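Colleague: The residues making up each chain are set out below.
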Amino acid sequence: MIQPDRIVATTCPYCGVGCNLQLHIKDDYIYKVTSPFDSVVNHGNLCVKGRFGYDFIYNKERVTAPLIRKTLQKPGARTQGFERSEWGEIPWDEALDYTADRLVEVYKRDGSDAMAVYCCAKATNEDNYLLQKMFRALFRTNNVDHCTRLCHAGSVVALQMAIGSSAMSNTAAEVIHSDVFIVTGSNTAETHPIIALQMKAAVEKHGAKLIVVDPRRVEMVDWATLWLPERPGTDVPVFSAMAHVIIKERLYNEHFVRERTLGFEEFSKSVEKFTPEYAEAISGVDRNLIIEAARMYAKAKNGAIYWALGIPEHSHGTDNAMTLIHLALLTGHIGRTGTGLNPLRGQNNVQGASDSGAMPWHYPGYQSVDHEESARKFERAWSIEPGGLSRKRGLTTTEILSSIEPGGVRALYIMGENPMMSEPNLNHTRQQMEQLEFLVAQDIFINESGAYADVFLPAASWAEKEGTFTNTDRRVQRVRKAIEPRGQSRGDWEIICDLAIRIEKRLSRLSTAFWSYKEPSEVLDEMGRLVPEYAGVKYWRIEREGLQTPVWDDNHPGTPYLFSESFPSGKGKFHPLEYRPAVEMPDGEYPFILTTGRVLEHWHGGTMTRHSQLDELYPGARLEMNPADASWLKMENGQVVRVSSRRGSIVLRVWTTPRTTPGVVFVPMHFAEAAANLLTIDALDPEAKIPEYKACAVRITPAREEELARPGTKFERGRY
Amino acid sequence: MSDVSLTIDGRDVTVPAGTTLLSAAQKVGARIPTICYHEHCTPNGLCRICVVEVEGTRALVPACVAQASERIKVHTRNARVERRRRTILEMLSSGVDLSEAPELLELMSEYHADPTRFPESERREQPVLDDNPMYIRDYSKCILCWRCVQVCADDAQFTYALNFSGRGFATNISTFFEKPMPETTCVFCGQCLGVCPTGALKPKREWLLERGLAPNEIMRETISTKRKPKR
Amino acid sequence: MDAFRDLTRLRSILTEFAPQGRTALLPALHAAQHLYGWLPEAIATEVGQALGVPLADVYGVIDFYTMFQRRPAGRTIIRVCEAPVCAFAGCDAVFDAVCRHLEIGPGRLNADGVFTVERAPCLGLCDRPPAVLVNEAAFGHVNPAQAASLCVGSPMRLTSFVGGDIRRLTANCGRGLPALLSDYEASGGYKGLKRALQMKPEDVIGEVKASGLVGYGGAAFPTGVKWEGAARAPGGPKYVVCNADESEPGTFKDRLLLEEDPHRIIEGMVIAAYAIDASKGYIYVRGEYPYAFRVMQEAVGAARQADYLGKNLLGSGFEFDIEVRLGAGAYVCGEETALFESIEGKRGFPRVKPPFPTTQGLFGSPTVINNVETLCNVPLILQQGAADYRKIGTEKSPGSKLFCVSGRVQRPGLYEVPFGVTLRHLLFDLAGGLKEGCVLQAVLLGGAAGAFATEKDLDVPMSFEGFRAAGLPLGSGAVMVFDDTADMLDVLRRLAAFFAHESCGKCYPCQLGTQRQYEILERVAARRSLPGDADRLADVGWTMTDASLCGLGQTAALAVLSAMKLWPEIFEEKDKRPDRHV
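First to last, the sequence lines map onto chains A, B and C.
Numbered as in the numbering used here, the first sequence ends at 720 without a single skipped number.
Numbered as in the numbering used here, the second sequence ends at 1231 without a single skipped number.
Numbered as in the numbering used here, the third sequence ends at 2582 without a single skipped number.
For the record, the hints were derived by calculation from the structure and aren't laboratory data.
What you were told as hints is all true, and nothing was included just to trick you.
Calculated from the model, a selection of chain A residues having no Cβ within reach of chain B, i.e. all distances over 12 Å: (1) Gly284; (2) Glu292; (3) Thr337; (4) Arg376; (5) Gln431; (6) Asp498; (7) Gly558; (8) Arg699; (9) Glu707.
With a straight-line Cα cutoff of 27 Å, these simulated DSS-like cross-link-like pairs (lysine-lysine) come out: (10) Lys2280(C) <-> Lys205(A); (11) Lys209(A) <-> Lys2346(C); (12) Lys205(A) <-> Lys2353(C); (13) Lys1073(B) <-> Lys2353(C); (14) Lys377(A) <-> Lys518(A); (15) Lys2346(C) <-> Lys205(A); (16) Lys2346(C) <-> Lys1179(B); (17) Lys1204(B) <-> Lys26(A); (18) Lys1204(B) <-> Lys481(A); (19) Lys2353(C) <-> Lys1027(B).
Covered stretches of chain A (chain B as the covering partner; in silico rule of three or more C-beta atoms under 8 Å from a C-beta of chain B): (20) 28-37; (21) 53-64; (22) 189-200; (23) 612-623.
Treat the numbers as computed from the prediction; the structure is a model and nothing was measured.
Backbone N, C-alpha and C define an ideal beta-carbon position, used for all residues, glycine too.
With the hints as constraints, model all of the structure from the sequences given.
Modeller: Shown next, in the form of C-alpha cells:
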C-alpha cells in the first residue's frame, strides 16, 4: 500500500465541466486521482479521462527541453519535424532570444498585421491573459484567437446578439431542478460525462423529462422521453417549428414576452411558414414529435436547454443557436434555477480563455477592441501611449490561416493548440502552414502543428503550474502545481513573461507593460482590475471552492444563474430567421452526410489523450455507419473503407451501429492517422466565422487492410 | 418539518424528523462506526457495524438508516453493542484481507477485535483480476460493502457493469458471466475505485508502483498496443 | 452451442414478456431455461436486452437462484432432499445410489446429457422421507434400490395424510387432488367474498380485526391492522401478495393448501384486495413446488372465467387480477421484502425495514403480503363472521392452526388443531406417538429457524401466548420429531449448512455468521472441535440474532442456541465430552 507524499487539490484539465481532483503523489509521480465527494461541481464523480488520463505527463515522447529546428525553415518549403533528430536542444536563454529576434524582425519589417497568435483553451486564464496582452501591447495586433472559434462561436454571437451575454446562463448541476430539458447537438454522455450523470439523475431520480434532438442516437437517447432524429443542419426548421407550435397554441409566456423581449410580432410572423409539416419535410422528424416536444417544453414549470457543438458548428451556426434562444424567450424558461440557455463548453478553459481576451474582437471581459473607451482603458493599464493599441478587429483562427501569404500573416505563435488537427479542410491548412515565415510552438508534445515550428518551447503541464480555469458554468477554479515540471519545461505564464521582456527590450519603446509577476495570482488580480466580472475573483477566495462569475467585488458571492431580472442587453431580442441548408448537401457522387465529434476516451486533437493509456481503450478512428447503410453498401462491421470528400480522403474501419441514422456517418476528430478534418468543409458562418464541421458530403468505398495507418488495429470494447 | 426529541447515551437531543440516528448521535458527540455507509451512496444498512440498542426493541438497530423518533432511548456503545461489533469485525477479518483498509484496522483495534478469533476459517481468497489498462480488482480484499455496484448503477454512473455472483459467503462482485471489463458496459470512470474502502479496486498504476515498477516501466506496461503485440 | 443459434422461439416468447420490463425477468428466465435446458450467455443476453435489464444484473439474478442453471444441465433434474428429516431417513444413500446409477457426480451432466443430480434444500415432502423431486414429479419414501426406477419412473402422486381435531382450513385437503372450483363452491366457497363485496372495505377490515387473525408466517402481526395500514397509505396502485414461498425445512402445510384447495387462497386474496383497494395480486410459489404452481395457475384461470377475478368482478364494479409467479430456489425469498425484490426481477435481497410493505412494498407501493395459511382463514372469517370464527381456539389465539408433523412418529402428516391444545395431544393422540421402540429425544419446532422442545415441554399449550411463555417458537408450524438415536450435532450441522447455503449475503452478520457457524458445527459434529468453539458458536449466534438485517439471519442461530442451552455438554471439547455423544 502506497502512502502518498502529498495529495494536491486541483481542477481537471479535460472538458468544460471542471471536475475537482485530488492528485495522489509519490516521488513526484501521480499514481492515483480521486475527487472530493463534497465537490459542488462533480460530487466525487469523474470520467475515464479525469480519473486515469494524466499519464501523458510522464510519456517519454514529451518535450522537456527547448528545441530548435536543425534546418532553417523557409516560407513555402516548411516541413513537419516529427522526429527528434530533426531538432536540436538549446538552452532557454538562447531559445527565448532567438524567438524574440525572429518575431521582432517580422514585426519591424511587416508590421502588426503580420503577427498572429493562437491562445489556448487548455491553458490557464493567466496564461491566456498574458499571451493576448503580449500580442496586443507589444505587437499592436488583435490577431488573437483560440479554438472557441471552432466550437461555440456561433452560440456566443447569437447569445450576444439576443441577450448580450454568451456564457451558460445556469449551473449545470441545476438540471435536477428542471422538469423538462432539451439536449441537442450534444453527445453529453461522452463529451460532458459528469453533466450527463446529473442529467440521468434528473430523469431517473427527479422525474424530469428529456427531449433529445440529434441526428445521432447518442447515449442520452436511452434516457429520453422524446428523440427527434433530425437530418444534420436542419435545426432552424425543427426549433422554429417548435416556436410555431408554441405561438399557435398560445403556449408562450405572454407576460415574459411583453416585459422582457423585443420583436415578438415580427418574429411571430416569421415562423408562420415553419409549420411542423414543413419542418418534417426538411428535417425528416415526424411532425407529431415536433408538436409534442413543443408542448412538453412550453408547459414545463422549469424548462432548460443544453447544447453543444452540433448547434454552432454549421455555416448557419449562429442561426441554429438563435432558434434555441427564441424558445427560451418565448416561454420565459430563463432567469430561474433549473432553466436557461446552456451551451456546454468543450474545453476545460474555453470560457476562461474567452473571458481573458483570447479573442480577436475583444479585450478581456468582452470589451470591444473598436470601442475607443475600452481601448483607452487598456492602454492606461498596460502603459501604452494613447492610440497605441490597434482599434482594428483582428482575424479569427480560420482567417489567420487563410491570411498566411506574402503581405498577410507572416509569424504565428501557437500555444497549446493544434490547428493541423482542428481546422476544417486540413489539406488547405497544411498548404497555409507551409507558407509561414516563422512559427513558434509552445506545448508539451510535438503535435501535427508544432511539427512545423522553427522553435519549440516546452511548457509545463497543468499539474506543474499554478493558475485558474473557468469551467462551463462560469466557475473560476484553482489549478495547482502538484509536481515539478518535467525536465526544463516551464509554466506558460513564465515563458510568456520572459519572452515579453526580451521583445520589449528589442522594441525599445518609451514605456513598457508590466511583466515581472512573481506568481500567477498577480496576473489574475490585474485582470480583475480590468474585467468587472472578475473583480472579486481572488486566489484566497477560491482555495476550496470556485466562484461563479460575475463576481463584482471581494464580497460578492458569485452568480449561479444569470438574467433573473433582466438581460445585459436590456430586453431579449427575437431575430427572424430563414432556413439555409448546409453548404454541401449529399448528391449522387457523395451520397452521405459526414458529421464529426468526440468520443469519451479522447479529447480534441489528441495531444494529451493519445499519449496516455486512454489510447488503449480507443486506439484508432472508426467510421460509424447505420446497419441499413452498411447492408446497402454491402459492408460489414470492421471492414476497412476509404471515406472521401471533395477535399480529401481517409482510410479507417467501419463500425456498423444504430448510433447514426441512415444517410449520416460519423468520424471522431482525434485521430491524426485518419483525420476527420481532411474531409470537412471550410465553409464559415457569416457572423461567427465558425466552420461547418457537422455536415459535409462524403462517399465511402472499400479499401485494403494495408491502407490503414496502423494495420491490424482492432476494437475489442464491448460497450458499443 | 417537525422536530423529535430523544435520548442518546443519556443525553437529550432534539433533531428534525427524518434525521438518522447516525447524525443525531453526531450531535451529542457519540461516534458510531460505519463500514458500508458512504455519504455518496444510498445507505443499505448492511454491514451492521453501526447497530445501536434502542430500548424496547428486540434486535439492534442500524443507525445509518434508522430514523430518530420521539422519546426513544438509544445506547450507541453498551456492552451488547460493543460485543456484536467486535464479533462482526472478527468474522470479517477472518475471511477477507483487510491489510489495505486502514479505517477497518483502526476499528479492529478500537474494539479489541482479535483477527485470529476464528481459526480454520474459509477465506475469500482469489486471484487478482488484471483485465484492463485502467484498474485491477483484487477481490480477496473485497468486504462486499456494495458501494462499487451502487455507484456503477443509480448512485452515480448509470452504467450497470457490475452486479453480484453467488450468494451468502460465496457472494462476489461480478460482471456479466464474469467477463473481462473491456467486454462489459464499463466506461472506466473509476467511480468504483473512488468509493472502495479496502484497496480491492485500485488504479493499475498504483498497483504496478507497489510492485516496484518505475514510472517509465509503468508507462510501458499500461500502453501496449503500439509497442507490444496483443496477447 | 449450435442449439442456441436458433433464437426464434425464444424471441417470440420474449416479445410477450418485453412490455412488462424487468418484473418479467424470472418468468422469462424460466421460459428460456425450459426451451434450452440451461441459461448460457447468449440466451441471458437476449433476455436482458428484450426486457431492458442490464446484463450484469441478469447474471446476478441467474446466479442468485439455485434453480437457474448457468452450466449445461440435463433435461431431467433429480433433486434429492437433504433436510434433517430426509437425512435421518437416509437421503445420502439415495443420492449416492442415483449418482452411481447415472455414473455422474453432483451437479454434473451424465454422459448422454439427459440427467443432472442435485441436492436440494427441504422439498416440503417431510411426511414421507426421504424425498426426491424428478423435474415436477415428487417421490416419497425413496430407498436406494429405487435409483433406476426414479430415472425412468412416471410421476405418481402420493397423498399426504391430513388429520386433526377440526377441519376448517383443511376441509378440502387430504384427497391428493386439487379441489375444483365447483368442489370449492359446493363447500361454501366464495361466499365470504360475496358477503365482503356487500360490505364497505373498512368494515371488511373491521371484521378481520375483530377476528383476531394474525399472520401465520412467523411474526404473528395482526392481519387487520396490516390491511388497515395499506388501505390508509397514500399512493398506488396497491398490491396484495400471497407468500407461497414455503421453504422452511419441515414445513409443507402451504404446499398442501396450494395443491389441494387453491380457491381458498384466491378468495382470501380477493377479499384482501377489496379491503385495501388493490387491483393486482401476486402469488409467489417457491421454485421447488412446480406442481403447486400449475395448480394455482389453473385455479386462477378458472376463477377468472367464473368472474371471481378480473374487471367488475361479480358485478361489484371492483377490479382485481392475480398473477402466479414461480420462485427459482432461494429460501430468503420467503422474507417478504426479498420476495418483492424477486417479483421485481432482482436478486432476493431483503430490504431494510422500515419502510414497511404496507407503505412501500412491491414496486414501492402500499402492499399487503400475507402467508398462504393466513389468507385461507380470511374467507372463513367473512363467511361466518368474526364472532363465530373466534369460537375456536383461545382468547388470545383464536382459530385453528396447521402443524406439519414429521420424523419419528407413527403417522406423519398435516394436522389442524384449535389453538391451545398441547404438543402431547398433537404427537401422541393425533400422530399416534413415536414409532415402535423409539424414545423421544427432542422436537424441533418451527423448522430450521426454530428451537428444540423436549419431554418437559409436551404439555405447553400450543398457542401464541402459551409458546411465548415457554420461550418456544410457533414459527411455521413445523414439528420435527427426533428419537434418541438421532445425532443432534449432525442435525445442527445440516441446519447450519442450510443457512450458509441460503444466506443472501447482504448483511455481514448473516453472510459471515452462517458460514462461521457452519464451519464450527462441522468441526464439532466431526468431533474435532477447537478450544473455545462453544464460545465462538454462541457469539456468532447472538450476533446474527441481534444484528442481522432480516428474519433469516435473525433466526439462523435459534436452533443452535436452543440446543446449546438444552445440551451444553455436547458442544464441549472432545476430551471433556460425555461418552454417550462421542
